[in-house]
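Given the sequences, and given the hints that come with them, work out the whole structure.
Residue numbers (the working numbering), protein chains in the order written: chain W, 1 to 114; chain Z, 1001 to 1111.
Any given hint could be a false lead.
The list that follows gives simulated cross-link-like pairs (lysine-lysine, BS3-like), each with its CA atoms no further than 30 angstroms apart [claimed, not checked]: (1) Z:LYS1110 - W:LYS14; (2) Z:LYS1106 - W:LYS9; (3) Z:LYS1103 - W:LYS9.
Restraint-style ranges between C-beta atoms, simulated for each label pair [stated by the list, open to error]: (4) Z:LEU1074 - W:ASN28: 43 to 49 angstroms; (5) W:SER84 - Z:ASP1039: 21 to 27 angstroms; (6) Z:GLY1015 - W:ASN65: 47 to 53 angstroms; (7) W:LYS9 - Z:GLN1025: 43 to 49 angstroms; (8) W:PRO61 - Z:LEU1054: 32 to 38 angstroms.
Covered stretches of chain W, going by a simulated chain Z footprint (3 or more residues, C-beta under 8 angstroms) [what the hints assert, rightly or not]: (9) 36-47; (10) 62-69; (11) 75-82.
Hints were generated in silico from the structure; no laboratory data involved.
For every residue, glycine included, the Cβ atom is placed at its ideal position computed from N, Cα and C.
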Amino acid sequence: NAGVTQTPKFQVLKTGQSMTLQCAQDMNHEYMSWYRQDPGMGLRLIHYSVGAGITDQGEVPNGYNVSRSTTEDFPLRLLSAAPSQTSVYFCASSATGGVQETQYFGPGTRLLVL
Amino acid sequence: GQSLEQPSEVTAVEGAIVQINCTYQTSGFYGLSWYQQHDGGAPTFLSYNALDGLEETGRFSSFLSRSDSYGYLLLQELQMKDSASYFCAVLYGGSQGNLIFGKGTKLSVKP
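Below is the structure:
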């Protein structure tokens, strides 16, 4: 049982490049989400999904796309990276997304956009 | 709108008790949860309050007052390993899955 896994751990991009951050969970959780964390800003929700085929926007969705074709995977796509997207990205999952549930976070992806 | 307010930093000494406050503003309240994050690590779940009162889990306790839209995390018998950031979180607008975090409180425990 690996929990929530994220790849890559580190990435450097040039402005305008695209990439996909991978997230997978093996706990059969319906809910998955992506957060970005910047110094002094806490965790800000980018996108979330309450089940396969269902996604919704969080606080800061601009510049990011998601899809949820399987229960296990929830990739985050940056179509044209910008320096403002330099951040640490965390993927999380829980059974259904309720605040009472434990959110399990992945180890994070550290992204630098030059 | 919605907001979560926490102090940005708190300092305490080993063995002491510290309280980290969180005030929230959100429509459709479903409870307040707390997370801990060590530098360089991922957040981990600590506790959850749906009803008014105190929930105790070992050295950590969490309190909620729904009428005051206020909660706090109480850490007792502080240890150096408790140095971390602590976040409160609520569901935004009561929407399932739209979990919003405060900006976090950085706790420094001194010897």
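Unmet hints by their number, sorted upward, for this structure: 1, 4, 7, 10 and 11
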